[in-house]
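Asker: Fit chain B to the supplied structure of chain A, relying on the hints for placement.
Read top to bottom, the protein sequences are chains A and B.
Take 1 as the starting number for the first sequence in full-length UniProt numbering and just add one per residue.
Take 1 as the starting number for the second sequence in full-length UniProt numbering and just add one per residue.
No lab work stands behind these hints: they were computed from the structure.
Incorrect hints may have been included.
Said to hold, decoys possible - Here are a few chain B residues that face chain A, going by a calculated C-beta distance under 8 Å:
1) I61
2) A63
3) L86
4) K92
5) R95
6) D104
7) S107
8) S108
9) N110
10) P111
11) N112
12) F116
13) E121
14) H126
15) I128
Unchecked claim - Here are the simulated distance ranges between beta carbons:
16) A/F202 - B/C129: 45 to 51 Å
17) B/S140 - A/L35: 50 to 56 Å
18) A/P220 - B/G50: 23 to 29 Å
19) A/R129 - B/R127: 31 to 37 Å
20) B/G50 - A/L35: 44 to 50 Å
21) B/P65 - A/F240: 43 to 49 Å
By construction, the Cβ of each residue, glycine as well, lies at the ideal position given by its N, Cα and C atoms.
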Amino acid sequence: MAVETLTPAEAMAPAKPQRESQMRLMWRRFRQHQLAVISLWIVVAFYLVAAFAEFLAPSDPGAYSARYTYAPPQGINFFVQGEDGGWSFQPHVNGYRSEVDQAAMRRTFVIDPEEIIPVQFFAPAEPYRLAGIIPMSVKLMGVENARDPFYVLGADRLGRDLLSRLIHGTRISLSIGLAGVGLSLFFGIVIGGFAGYYGGWFDSAVMRVIEFIRSLPTIPLWLGLAAAMPKDWNAVQTYFAITIILSLIGWTELARVVRGRFLSLRTEDFVTAAQLDGASDWRIITRHMVPSFTSHIIAAATLAIPGMILAETALSFLGLGLQAPIVSWGTLLQDAQNIRTLATAPWLLAPGVCVVVVILALNFFGDGLRDAADPHGR
Amino acid sequence: MTTLLSVEHLSKVFTLGGGLFKPGRELVALNDISLTVEAGETLAIVGESGCGKTTLGRCIIKAQPVSEGKVFYHPKDGQKVELTELDKRAIKPWRRDIRMIFQDPMSSLNPNMRVFDLVAEPLRVHRICKGRELEDRVISTLGKVGIPADAIGRYPHAFSGGQRQRIGIARALVLDPKLVIADEAVSALDVSIQAQVLNLLDDLKREFGLTYIFISHDLGVVNYIADRVMVMYLGHVVETAPTEQLFERPRHPYSEMLLEALPIADPTRRKGQNKELRGEIPYLGNRPIGCPFHTRCRYAQDKCRAEKPALRPINGTAQMAACHFAETLELKGAYEAPQKVFA
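Just chain A, same shape as in the assembly (with noise of 0.2 Å):
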């Protein structure tokens, strides 16, 4: 009897690991996604600020100074002109020498070049603990003698560090995207699991229910949810109580991607040929169907990312999402909210710079991810 053996060049193929796993050939499509690619280093730069906060910020987000309300950007030069003409490496600031505009009677700042105050990297701080856990006294940058400006992004109203509270503002606002989507992720799967997988009555009630839910208009909903809050609740509670108001809807989308897949999955061969084994549900949605479609899942939760944090962005300007003392972009950007501080401190504007980058490359990441894990389904 002829058996079909492997080809002699299928029989040579290495015994090493052959396999190119369903993640890895979709890396491999990502990484021709130049943008993606990019715009995945951007997201984790984000993410990476978001983590070190306390180390990369110079100053305490709350710290206040009466006597630089507004100061515009110093930036940071590294080279400075000796006495002789010679140029030496030192990291400074320039300071400020303040003047008074005599047509609108209002006192300015202008950066006296003059003026160098030495930045020091790795500079001794006052003992913090990195992320609330690892002891640290030791920052990224500072000056040497507290008492010097030091607004490498300008201050704001009340003479805080711009910089500060934008890299502290990072950690809320894109920590509240990813917290959001982690549980519209979790109802998303679970109900739209069970709808997908069992389907009948409950699938149908369950897509009436998300039918509903998204032809609600969300601000207004929002809005409603978020004012219902009580105003005794402490930042952590606020916190949680804003992400779970923005996963209420953001589970729906979610939950249908996860049924549409359930759905196309429960009629395929290999699903019907577990069951004929005998393999209980649990084993066949977990053994089967869902190693299937993680790729399609991650793609799909990336992609809520932005939403979310466009969402609480949105409800802090408003002033009905986090409050102050809490620092987000969204209640950094109420500070901008009219033209006169935008005319004179034009630098506020800086969080909102922050919000389109993120969103841009968190949609751009994602969008390369979806096409890596579905190349057909563009």
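Answerer: Just chain B now, kept in the frame of chain A:
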């Protein structure tokens, strides 16, 4: 010979469409089917697409619930298990004895699992063995179907269609089944590969003492592998007969029509022989009154349009047909029973 499986008055009705307030339309996919499978035989179920042969296979193995009727499995002499009344948990032990080979080897293997895990999965589900023993058993089963042991780390996409179907067969056989339902097991393969897989199935049958229900639309394949053939049309059994008898002298006009459509590998005799199948299969939801086949039958009489013929033994032989004129019609068999091309 002992009966291994019996099906009594099985019907399957699908409900199409329908909404909250209006009832759906009913589509009868299987209509009062009874059959028995003897231990050790190969029963082929043939018919055009849409005749219900796949549905029958899936109903027997309980991949789909039946609407009416019973399926009995006879594990030992005298013992009788009604599969149709068992729930998921209760049927699990019998899933070891009755296994299925799927038509499409591309979709019936989970693309995310390696060959080893694919074949080991049934053993794990039934907690039969683990560790070293599991490994040995998987590798020896794969060896029997001709997949070398060094391929166990690969994913299904690294194999050709024929190899994948072998893996599917290994999955079915790893539990030491008694009955294997092969649903178009070779239809998706190239002709040359078909021959290899058919030979493999034949060898395995002898080695393990298997019983096959072989679902196919290819009479050439059926002639090669089957002991007995059941011809289905529109969800009805129209004829059952030992293979040779059917090919020699069919008793139902539909069987004749199918046999006529067999290609003959001899140009000198081909002329005028190759009549194509007449007419279209009527839509299932809109079945004819009387004999289901009368719309396409060249011998149809008034009686056929009015009265539905029952399946009955012809002249006291093992051949059964559902035709009013089974005894009198002179139906042609295959011009000459196709030779065992693959032998």
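Asker: Please go over all the hints and tell whether each is borne out by the structure.
Answerer: Structure-based check of each hint:
1. I61: Result: holds, 6 Å to nearest chain A Cβ.
2. A63: Since the shortest Cβ distance to chain A is 6 Å, the answer is holds.
3. L86: 12 Å, violated
4. K92: 4 Å, holds
5. R95: It holds, given that the least Cβ distance between B/R95 and chain A is near 4 Å, below 8 Å.
6. D104: Hint holds; B/D104 Cβ to chain A Cβ min 6 Å, cut 8 Å.
7. S107: This hint holds: B/S107 lies near chain A, its Cβ roughly 4 Å from the closest one there, short of 8 Å.
8. S108: 4 Å, holds
9. N110: 4 Å, holds
10. P111: 7 Å, holds
11. N112: 5 Å, holds
12. F116: 11 Å, violated
13. E121: 6 Å, holds
14. H126: 6 Å, holds
15. I128: 11 Å, violated
16. A/F202 - B/C129: 45 to 51 Å: 38 Å Cβ-Cβ, so the 45 to 51 Å window is violated.
17. B/S140 - A/L35: 50 to 56 Å: 51 Å, holds
18. A/P220 - B/G50: 23 to 29 Å: 53 Å, violated
19. A/R129 - B/R127: 31 to 37 Å: 49 Å Cβ-Cβ, so the 31 to 37 Å window is violated.
20. B/G50 - A/L35: 44 to 50 Å: For B/G50 and A/L35 the Cβ distance comes to about 49 Å; the hint holds.
21. B/P65 - A/F240: 43 to 49 Å: 46 Å, holds
In summary, the numbered hints that this structure violates are 3, 12, 15, 16, 18 and 19.
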